[in-house]
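Chains as they are written, first to last, in our numbering: chain P, 1 to 273; chain S, 1 to 273; chain R, 1 to 298; chain Y, 1 to 298.
All the pointers check out, no bait thrown in.
DSSO-like cross-link-like pairs, simulated, lysine-lysine; straight-line CA separation at most 30 Å:
| hint | chain 1 | residue 1 | chain 2 | residue 2 |
| --- | --- | --- | --- | --- |
| 1 | R | K152 | Y | K197 |
| 2 | R | K152 | Y | K142 |
| 3 | R | K197 | P | K184 |
| 4 | R | K142 | Y | K152 |
| 5 | S | K184 | Y | K224 |
| 6 | P | K79 | Y | K296 |
| 7 | S | K184 | R | K142 |
| 8 | R | K296 | S | K79 |
| 9 | P | K79 | Y | K182 |
| 10 | Y | K182 | R | K8 |
In silico negatives: residues of chain R with every beta carbon more than 12 Å from chain P:
| hint | residue |
| --- | --- |
| 11 | V13 |
| 12 | L18 |
| 13 | H20 |
| 14 | D23 |
| 15 | I136 |
| 16 | E139 |
| 17 | R265 |
| 18 | A290 |
| 19 | R295 |
The hints are simulated quantities; they were obtained by calculation from the structure and are not laboratory data. Even for Gly, the Cβ is constructed at its ideal location relative to N, Cα and C.
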Amino acid sequence: MTHCAEDYTIDELMVVTLARQFTNDDIILNGTVSFIPVAAILLARETHAPGLTWVAGAVGVDAQPGYLMGNTLDPTMWKNCVMYLPQWEDMWSYVHRGTLETFCIRGAQIDKYGNVNNTVIGDYYHPKVRLPGSAGMGDMGSLDKRIFIWSTTHNRRTFVERVDFLGCVGYLDGGDSRERLGLKNGPQLVVTDLGVMDFEPESKRMRLKSVHRGVTVEHLREQTGFELIIPDEVPETPPPTEREIHLLRDVIDPRGMRKLEFRGAGKRASNEK
Amino acid sequence: MTHCAEDYTIDELMVVTLARQFTNDDIILNGTVSFIPVAAILLARETHAPGLTWVAGAVGVDAQPGYLMGNTLDPTMWKNCVMYLPQWEDMWSYVHRGTLETFCIRGAQIDKYGNVNNTVIGDYYHPKVRLPGSAGMGDMGSLDKRIFIWSTTHNRRTFVERVDFLGCVGYLDGGDSRERLGLKNGPQLVVTDLGVMDFEPESKRMRLKSVHRGVTVEHLREQTGFELIIPDEVPETPPPTEREIHLLRDVIDPRGMRKLEFRGAGKRASNEK
Amino acid sequence: MVARKKDKVMTLVDAVQLIHDGDIIALQGMGTQMSPLALVREIIRSRKRDLTVVMVVGGIGLDWMIAAGCVRRVLAIIVNLDEFGMANAFRRAVEAGEIEMEEYTEHQLLSRLSAGSKGLPFLVTRSGLGADLINIHPETTKIIECPFTGQKVIACRALEPDVAILHAHRADLYGNVQFFPKPIWTDVDVFPRAAKKVIVTVEEIVENEEIRRTPIHTGIPYFKVDAVVEVPYGAHPCSLYPNYSFDRVLFQEYATMSRTVEGTRQFLDKYILEPASHAEYLQRVGGAEALLRIRKWS
Amino acid sequence: MVARKKDKVMTLVDAVQLIHDGDIIALQGMGTQMSPLALVREIIRSRKRDLTVVMVVGGIGLDWMIAAGCVRRVLAIIVNLDEFGMANAFRRAVEAGEIEMEEYTEHQLLSRLSAGSKGLPFLVTRSGLGADLINIHPETTKIIECPFTGQKVIACRALEPDVAILHAHRADLYGNVQFFPKPIWTDVDVFPRAAKKVIVTVEEIVENEEIRRTPIHTGIPYFKVDAVVEVPYGAHPCSLYPNYSFDRVLFQEYATMSRTVEGTRQFLDKYILEPASHAEYLQRVGGAEALLRIRKWS
Numbered sequence: 001m002t003h004c005a006e007d008y009t010i011d012e013l014m015v016v017t018l019a020r021q022f023t024n025d026d027i028i029l030n031g032t033v034s035f036i037p038v039a040a041i042l043l044a045r046e047t048h049a050p051g052l053t054w055v056a057g058a059v060g061v062d063a064q065p066g067y068l069m070g071n072t073l074d075p076t077m078w079k080n081c082v083m084y085l086p087q088w089e090d091m092w093s094y095v096h097r098g099t100l101e102t103f104c105i106r107g108a109q110i111d112k113y114g115n116v117n118n119t120v121i122g123d124y125y126h127p128k129v130r131l132p133g134s135a136g137m138g139d140m141g142s143l144d145k146r147i148f149i150w151s152t153t154h155n156r157r158t159f160v161e162r163v164d165f166l167g168c169v170g171y172l173d174g175g176d177s178r179e180r181l182g183l184k185n186g187p188q189l190v191v192t193d194l195g196v197m198d199f200e201p202e203s204k205r206m207r208l209k210s211v212h213r214g215v216t217v218e219h220l221r222e223q224t225g226f227e228l229i230i231p232d233e234v235p236e237t238p239p240p241t242e243r244e245i246h247l248l249r250d251v252i253d254p255r256g257m258r259k260l261e262f263r264g265a266g267k268r269a270s271n272e273k
Numbered sequence: 001m002t003h004c005a006e007d008y009t010i011d012e013l014m015v016v017t018l019a020r021q022f023t024n025d026d027i028i029l030n031g032t033v034s035f036i037p038v039a040a041i042l043l044a045r046e047t048h049a050p051g052l053t054w055v056a057g058a059v060g061v062d063a064q065p066g067y068l069m070g071n072t073l074d075p076t077m078w079k080n081c082v083m084y085l086p087q088w089e090d091m092w093s094y095v096h097r098g099t100l101e102t103f104c105i106r107g108a109q110i111d112k113y114g115n116v117n118n119t120v121i122g123d124y125y126h127p128k129v130r131l132p133g134s135a136g137m138g139d140m141g142s143l144d145k146r147i148f149i150w151s152t153t154h155n156r157r158t159f160v161e162r163v164d165f166l167g168c169v170g171y172l173d174g175g176d177s178r179e180r181l182g183l184k185n186g187p188q189l190v191v192t193d194l195g196v197m198d199f200e201p202e203s204k205r206m207r208l209k210s211v212h213r214g215v216t217v218e219h220l221r222e223q224t225g226f227e228l229i230i231p232d233e234v235p236e237t238p239p240p241t242e243r244e245i246h247l248l249r250d251v252i253d254p255r256g257m258r259k260l261e262f263r264g265a266g267k268r269a270s271n272e273k
Numbered sequence: 001m002v003a004r005k006k007d008k009v010m011t012l013v014d015a016v017q018l019i020h021d022g023d024i025i026a027l028q029g030m031g032t033q034m035s036p037l038a039l040v041r042e043i044i045r046s047r048k049r050d051l052t053v054v055m056v057v058g059g060i061g062l063d064w065m066i067a068a069g070c071v072r073r074v075l076a077i078i079v080n081l082d083e084f085g086m087a088n089a090f091r092r093a094v095e096a097g098e099i100e101m102e103e104y105t106e107h108q109l110l111s112r113l114s115a116g117s118k119g120l121p122f123l124v125t126r127s128g129l130g131a132d133l134i135n136i137h138p139e140t141t142k143i144i145e146c147p148f149t150g151q152k153v154i155a156c157r158a159l160e161p162d163v164a165i166l167h168a169h170r171a172d173l174y175g176n177v178q179f180f181p182k183p184i185w186t187d188v189d190v191f192p193r194a195a196k197k198v199i200v201t202v203e204e205i206v207e208n209e210e211i212r213r214t215p216i217h218t219g220i221p222y223f224k225v226d227a228v229v230e231v232p233y234g235a236h237p238c239s240l241y242p243n244y245s246f247d248r249v250l251f252q253e254y255a256t257m258s259r260t261v262e263g264t265r266q267f268l269d270k271y272i273l274e275p276a277s278h279a280e281y282l283q284r285v286g287g288a289e290a291l292l293r294i295r296k297w298s
Numbered sequence: 001m002v003a004r005k006k007d008k009v010m011t012l013v014d015a016v017q018l019i020h021d022g023d024i025i026a027l028q029g030m031g032t033q034m035s036p037l038a039l040v041r042e043i044i045r046s047r048k049r050d051l052t053v054v055m056v057v058g059g060i061g062l063d064w065m066i067a068a069g070c071v072r073r074v075l076a077i078i079v080n081l082d083e084f085g086m087a088n089a090f091r092r093a094v095e096a097g098e099i100e101m102e103e104y105t106e107h108q109l110l111s112r113l114s115a116g117s118k119g120l121p122f123l124v125t126r127s128g129l130g131a132d133l134i135n136i137h138p139e140t141t142k143i144i145e146c147p148f149t150g151q152k153v154i155a156c157r158a159l160e161p162d163v164a165i166l167h168a169h170r171a172d173l174y175g176n177v178q179f180f181p182k183p184i185w186t187d188v189d190v191f192p193r194a195a196k197k198v199i200v201t202v203e204e205i206v207e208n209e210e211i212r213r214t215p216i217h218t219g220i221p222y223f224k225v226d227a228v229v230e231v232p233y234g235a236h237p238c239s240l241y242p243n244y245s246f247d248r249v250l251f252q253e254y255a256t257m258s259r260t261v262e263g264t265r266q267f268l269d270k271y272i273l274e275p276a277s278h279a280e281y282l283q284r285v286g287g288a289e290a291l292l293r294i295r296k297w298s
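Just chain P, with the same shape it has in the complex (with noise of 0.2 Å):
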């Protein structure tokens, strides 16, 4: 019998939640400041999907770290794997050709239709705010994958109307726009610090899915810069069970690194944590 966990924050549902989407099957590898679906990885590796492939770091296959800490790019996360996987000719190569399936992705802006922009705010020649850069989500929007989004700031500035750049190709314009360009899967669920959406099939508009305890369909239907598609009924996030409490907390990650993906959160100063 599983028992739902009554203690838990914001952070841990979303962990809990993508840990759900993984699939024993998949083969997902990480990029840089990624607690949050490293630990939904790990976590997922821990209970329903065991077989699950992680290539830590994009480097270290199936390695087994402990628990995390440092940088989800750090060697350090490559600990106990089977291979190390040489960038360029290896891992590129799986990724371009679609062995790598699964990735997450995060960024300044996501519209409707799950694209995403985390290059600049504004004109690229001129802009208003110049962010770090689309990085691998820049890859992985055209390389047929089926992407998990995940944000901690679900707020207008964050979900708008519109993208200002295109960095990571979502469903483009909606509709068949993206089958039209030759591109197999895509978005298929955002977790926010408020709620889960997924893309109604047609459409392909983001839709809510569920809200997470305590966040009213109101609240983040205002919180959200676009039209949301939003069902008759919309149940409540599927909180985690104990277990899945207890891994990702005493576990996984026991120094808490998930909660650095969230503002305000102190930052660690010292090596000597």
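Given chain P, put chains S, R and Y in place with the hints provided.
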């Protein structure tokens, strides 16, 4: 003071002649069944070109295998190398771009412009004789290499007016036809069991440079299936020095592997040499 | 509960069931080195037909398969037996028009496979510009111009073999494959990435923990491997450095016998079709004496 | 008598003479990892100008160079300080129009460099199809059709940096460069092959014999290397696994101070322009205490 050897054989003269072409700055890799070039490379390194870089079997950078044995592509050749050069991305990049600029080839047919064929005699689709194939020389001919051709069968079957199949690009139709294709360098020298040839700078036609001891110009001309440019004065090929012969016989190739490249050389039918 | 990982260990007999008549198989091997020849012998015994065989350097295993009638087409840059001379069955079959030889330069063939491995429709090379080879396969190599500079290059069409077959030093039961010192040669490196399925024979199956202790030697990750077969001396008569050298006695015997069709048939009967097992094959090639002689690299 | 091999060991001061104003330099490094930062500090001290800097993941060294006025243009897929947030000098300079940012997807940028490394005018990718990035550099990325299938792909124009600069674990005096466990990341792998010149700083110069005992770790052959400089802790404040971790104290100090132009200038003065040597730099960042704290990977 340098002492010329009196006692030397054709295989030794060929190795020494080839060795003297290599410079201190050369970076040279070798292919399969290439005992004569490999012996020449090792000899050059022991004499006038200590800084020459040999990539043994196109893998072992600056290898020190001791003496010749086995097979010129065997991993035994990599002994004491400083790096195992991964072939696909590293070796082929260095070759393609021109970092490795020197290559030795041989083939079943060689024509007056230094084009080489090791693919078929007759028509490609209905060959009279199917030969092994172009292997690496099919690449090297089009990749701006300084090409040294060696042949242990200087006769009218090998040295033909026009190759039946253009496997390795030499000077094509002569003149500037190679240059017009955008290719640099090309065949430099042809070292055979009868003599040494180079290419006349304007026409790019093969030109007799020297004949080996005991070979007449007339005999070499008769054994060549096309009209060779023959200068008024044709010297004898400079003989090996005593030191070169000593190094070759006693240090580099004491087992006489270089002789395997001559027709009628007994095959070794045992691993227990 | 779902399994953590799939156990991919099987027998030679089961592994060859992954290969179908008409398949394109990428076969690792140089003239006398590192080739999954026990698996090739099993392919011959199971009478596969109409195979297209892709090799960089075609050697004795390819020649056997041709002699046994398994092959319809060859893609390679060269086919021979190194110092032992011509691959006679290959030569005869091409000259008789029984098989097709699609010869490439090495960089053309590898570019085709690399494009396949990347899911790209083609890649480009300069190798072979001006030579005759590109004219014999216009469906797969074509001169195009750089869209920036106008420079001419050769587009090489993607090639995805149905099955890659390789022999390696060791693997675990999930299919993490290790090479010593590491995967260096082009076929070992490119073939498994390009192929849809991968079968690997190994000298030894080791514990997963042993793989995790030495990940620097792992060349193929388990998620790319479909079958692992433990076959000690599985490359014989080719070499597997540093484990054992190639077998000059058997190579010379084949080079001699394969000069005639009859001799080739006798060789196949004696060494491939009649032995009921790999152990029996090793016994026929000389048993303990053979295993001792290939310890020498001289 | 000609020398057997060229001794390429030099000082930081001599090594940066290989870099000229206006050069395209390929700078190794991730947000907080494995970057030749002692060399970057020397580039800043020697007041190089108008550099184009190519990085996969731009980080603190790039931000310093931008703040110091060395940079005219950046080619990268992302520029930030990992968990320490934005690269503020970069952000300000782009927003003010003082430098150009040419953003690529990773596979586009690496395809450009790989084409350069192979002497090919371009290579192709599918990465970024349909996105806006290719429109901002039409001179270097262009949609073309496969000559066989008609499928659309992006041609990426060859890029050959003038100089690649890297930090590695060790090398011999000839420039055989070793990485532990091995070269894995794309910049370490692709940059040295693509560049015309290569400068490598290392933790330790070892005997050539030691390299020959462990060739499996060699990632760059000496014939591709122009300068070797021994600089222990040469990646600081970035990490060099497994030798030392990144320095959270200095990263946080820079992240905080770089929020203002004035603070950035003060940081550069204190840590880069004023120290007369690498030893003095290490002393300023905390001396023994700093070297102890970066032993921890937590």
